[in-house]
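Each protein sequence line maps, in turn, to chains B and U. When we follow the numbering used here, the leftmost residue of the first sequence carries the number 1, and every step to the right adds one. When we follow the numbering used here, the leftmost residue of the second sequence carries the number 1, and every step to the right adds one.
Any given hint could turn out to be false.
Derived lysine to any residue pairs resembling SDA-like cross-links, with alpha carbons at most 25 Å apart [to be verified]:
hint, chain 1, residue 1, chain 2, residue 2
1, B, 306, U, 15
2, B, 306, U, 118
3, B, 295, U, 176
4, U, 107, B, 307
5, B, 374, B, 426
6, B, 374, U, 89
None of these hints come from the bench; they were simulated from the model.
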Amino acid sequence: MHMSAGWMGETDDRHGGSRQRLSAGLFALVRGSAFLALAIAGLALLAVLVLVPGLAVLGVVAMVGLPPAHGLVLALALWAGDVLVVRYGVIVALLWTRRLAKLTRRLSEEWLGLPILESYLKAPDHDVARLSVGRLRWMMSDPATRRDLLWMVTNASFGWILAMVPVILASAGLIGCVGYAIVGVSHAARPLERITLVVLGVALTALALWSAPLLLQAYGGLARTMLGPREDPELAQRVRHLAQTRAETIDASAAEIRRIERDLHDGAQARLVAMGMALGAAEDLLDTDPEATRKLLVEARQASSKALAELRALVSGVLPPVLADRGLVDAVRALALDSVPRVVVTAEPIGRLPAPVESAAYFAVSELLANVTKHAEARQAWIEIRYRQEMLAICVTDDGRGGADPGRGTGMRGIERRLAAFDGVLALSSPPGGPTVVQLEIPCES
Amino acid sequence: MRIVIAEDLFLLRDGLTRMLEAHGLEIGAAVDNGDDLVAAVTADPPDLAIVDIRLPPSFTDEGLRAALAARKQVPGLPILVLSQYVEQLYARELLADGTGGIGYLLKDRVFDSDQFVEAIRRVAAGGTAMDPEVIARLLARNTDNDAVSALSPREREVLGLMAEGRSNAAIGQQLVITERAVAKHTASIFLRLGLQPSEDDNRRVLAVLAYLGS
Numbered sequence: 001m002h003m004s005a006g007w008m009g010e011t012d013d014r015h016g017g018s019r020q021r022l023s024a025g026l027f028a029l030v031r032g033s034a035f036l037a038l039a040i041a042g043l044a045l046l047a048v049l050v051l052v053p054g055l056a057v058l059g060v061v062a063m064v065g066l067p068p069a070h071g072l073v074l075a076l077a078l079w080a081g082d083v084l085v086v087r088y089g090v091i092v093a094l095l096w097t098r099r100l101a102k103l104t105r106r107l108s109e110e111w112l113g114l115p116i117l118e119s120y121l122k123a124p125d126h127d128v129a130r131l132s133v134g135r136l137r138w139m140m141s142d143p144a145t146r147r148d149l150l151w152m153v154t155n156a157s158f159g160w161i162l163a164m165v166p167v168i169l170a171s172a173g174l175i176g177c178v179g180y181a182i183v184g185v186s187h188a189a190r191p192l193e194r195i196t197l198v199v200l201g202v203a204l205t206a207l208a209l210w211s212a213p214l215l216l217q218a219y220g221g222l223a224r225t226m227l228g229p230r231e232d233p234e235l236a237q238r239v240r241h242l243a244q245t246r247a248e249t250i251d252a253s254a255a256e257i258r259r260i261e262r263d264l265h266d267g268a269q270a271r272l273v274a275m276g277m278a279l280g281a282a283e284d285l286l287d288t289d290p291e292a293t294r295k296l297l298v299e300a301r302q303a304s305s306k307a308l309a310e311l312r313a314l315v316s317g318v319l320p321p322v323l324a325d326r327g328l329v330d331a332v333r334a335l336a337l338d339s340v341p342r343v344v345v346t347a348e349p350i351g352r353l354p355a356p357v358e359s360a361a362y363f364a365v366s367e368l369l370a371n372v373t374k375h376a377e378a379r380q381a382w383i384e385i386r387y388r389q390e391m392l393a394i395c396v397t398d399d400g401r402g403g404a405d406p407g408r409g410t411g412m413r414g415i416e417r418r419l420a421a422f423d424g425v426l427a428l429s430s431p432p433g434g435p436t437v438v439q440l441e442i443p444c445e446s
Numbered sequence: 001m002r003i004v005i006a007e008d009l010f011l012l013r014d015g016l017t018r019m020l021e022a023h024g025l026e027i028g029a030a031v032d033n034g035d036d037l038v039a040a041v042t043a044d045p046p047d048l049a050i051v052d053i054r055l056p057p058s059f060t061d062e063g064l065r066a067a068l069a070a071r072k073q074v075p076g077l078p079i080l081v082l083s084q085y086v087e088q089l090y091a092r093e094l095l096a097d098g099t100g101g102i103g104y105l106l107k108d109r110v111f112d113s114d115q116f117v118e119a120i121r122r123v124a125a126g127g128t129a130m131d132p133e134v135i136a137r138l139l140a141r142n143t144d145n146d147a148v149s150a151l152s153p154r155e156r157e158v159l160g161l162m163a164e165g166r167s168n169a170a171i172g173q174q175l176v177i178t179e180r181a182v183a184k185h186t187a188s189i190f191l192r193l194g195l196q197p198s199e200d201d202n203r204r205v206l207a208v209l210a211y212l213g214s
């Protein structure tokens with residue numbers, strides 16, 4: 001029973017397979033015809049787009065050859081023609097071009113399983129009433145519109161053949177051969193001819209059904225290449241850059257979180273444990289040994305002071321208080337006040353920037369000042385902070401010995417990595433003998 | 001002595017109130033934001049206001065701004081600013097008017113209630129109380145200053161305590177030396193740093209702070 005069921009299933013599959021192929025072929029034929037209809041519609045639109053302005057030009061040429069009175073009437077007629085026919089004709093044709101392209105994209109996805117992405121420019125906020133010059137300008141300035149038109153031309157000139165071939169084959173096979181064999185050759189006595197015609201007709205039809213899905217896929221591929229968004233090498237480069245900086249940023253912040261966790265674990269948490277132990281011991285000794293209790297209490301207090309000091313250091317390493325309170329300029333001023341080489345800070349009041357930008361800029365300056373202190377043997381440094389046209393520019397100069405090498409040490413690399421996440425850049429000039437000038441630029445869209 | 005406290009965390013406000021009352025100080029008002037502080041000190045000026053630097057609604061330097069506003073309303077009002085961290089930038093802003101009666105301490109200093117109350121009395125009397133941390137950073141910044149590094153270790157200790165705002169008597173007590181010895185040290189320090197000696201404690205502090213901060 002089981003065996004026979006399996007066997008039955010297999011036959012069903014086999015039958016189902018050929019039936020499926022047959023229906024796929026028939027569907028492809030029908031769909032191919034639909035695409036053909038779209039190609040013809042596209043051709044009509046192209047004709048409108050070419051003929052309407054052409055007629056207008058012809059009108060102007062005709063007007064030149066007429067007497068003045070007629071010329072005036074004709075000029076008025078032309079003006080009306082321009083407004084009604086040329087402008088609106090072209091706009092309407094373009095609108096329909098876009099509709100047709102959208103329909104092609106939709107059908108390609110639904111029928112052929114080939115999704116085609118749209119990449120039209122976003123409509124400007126103003127002046128795009130359905131039939132306006134603003135709309136015409138917007139549509140014509142869109143490269144996607146030009147690609148739509150190019151597709152119409154290609155489709156109307158030879159693209160349609162891909163969709164058409166199976167239809168022709170099937171028609172030739174069914175009507176030309178089989179039909180002729182049955183109706184047309186009915187008087188002829190030779191059955192061999194008839195059989196040959198029928199066989200040829202069936203073969204042609206089978207070929208049509210077999211090739212229709214393949215050719216339709218090829219047609220879809222062509223549509224996808226022409227109607228899909230254009231590959232942009234610059235964009236691809238940008239995507240690679242973003243992916244890399246994003247990965248680096250994620251790594252860096254993960255490392256930062258690990259560091260904070262370790263600092264808390266080894267620092268404040270350990271101190272609190274020590275404090276709790278000292279307090280517990282003090283509680284036990286309270287009645288019997290007041291002197292030892294006092295010592296333990298002092299210990300506990302000291303542990304709490306140290307825990308606080310460590311937490312303070314941790315917090316200022318993550319988000320310095322002045323940066324949180326006042327923003328970048330005052331935070332840099334506070335940094336300058338703690339620096340051993342004297343630092344002059346020049347800044348315009350720039351208000352608050354996005355917090356991540358403030359933080360990146362602050363830590364970059366902090367690192368640069370640390371470099372000045374450690375390596376430059378400088379007596380004086382200058383920091384200039386400017387904000388123009390959504391660009392934060394910081395310049396750090398010192399009167400030290402120069403010769404700073406951006407390749408050596410991880411400091412500069414770290415700053416660059418921090419800035420790269422914001423598309424920020426760093427430029428270093430440090431001739432031997434100084435001065436060293438470091439310039440940072442971070443774009444910040446608010 | 002009557003004190004107004006501005007601290008938004010109930011635990012700290014309450015603890016501070018109890019500690020100060022235990023030391024015989026009167027708490028005139030205990031508020032939790034800057035506006036109430038300004039209102040309270042304007043309505044009935046206290047002998048001193050203790051202000052947490054971070055207050056609602058912005059939780060940034062609201063307390064500092066409220067303190068400076070309160071001082072504008074009540075000129076010369078002694079103010080002690082408390083904070084989880086100390087910044088020279090804020091110390092400078094507090095000292096900017098040069099009239100004294102300013103304290104700027106880490107919250108940890110509350111742990112040592114005797115010293116803390118001593119600082120309160122000093123500020124209320126028109127003196128200065130700068131956190132040792134501020135002074136330590138000022139001194140660290142002057143490591144390449146020849147005049148400062150030429151001081152003896154003891155003199156540097158005295159300089160630090162002087163910068164915190166302590167009187168000769170208090171410095172002597174801290175270092176377990178006589179007041180006369182302290183006076184000798186301070187005279188020597190002023191000479192080496194090229195500062196004009198001053199009998200007035202407050203002017204002396206400001207001169208030292210200005211020298212170290214320049």
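For each hint, the structure was consulted:
The straight-line distance between the Cα atoms of residue 306 of chain B and residue 15 of chain U is roughly 20 Å, inside the 25 Å bound, and the hint therefore holds. For a cut-off of 25 Å, the pair hint linking residue 306 of chain B to residue 118 of chain U stands: about 23 Å separates their Cα positions. At roughly 22 Å between alpha-carbon atoms, residue 295 of chain B and residue 176 of chain U fall within 25 Å of each other, so this suggested pair holds. Taking the CA atoms of residue 107 of chain U and residue 307 of chain B, the gap is about 13 Å. The hint holds against a cut of 25 Å.
A C-alpha spacing of about 20 Å is found between residue 374 of chain B and residue 426 of chain B, which places the hinted pair at or below 25 Å, so the restraint holds. Between residue 374 of chain B and residue 89 of chain U the CA atoms are separated by roughly 23 Å; this keeps the pair inside 25 Å, and the hint holds.
Against the hints set out earlier in the document, no violation occurs for any number.
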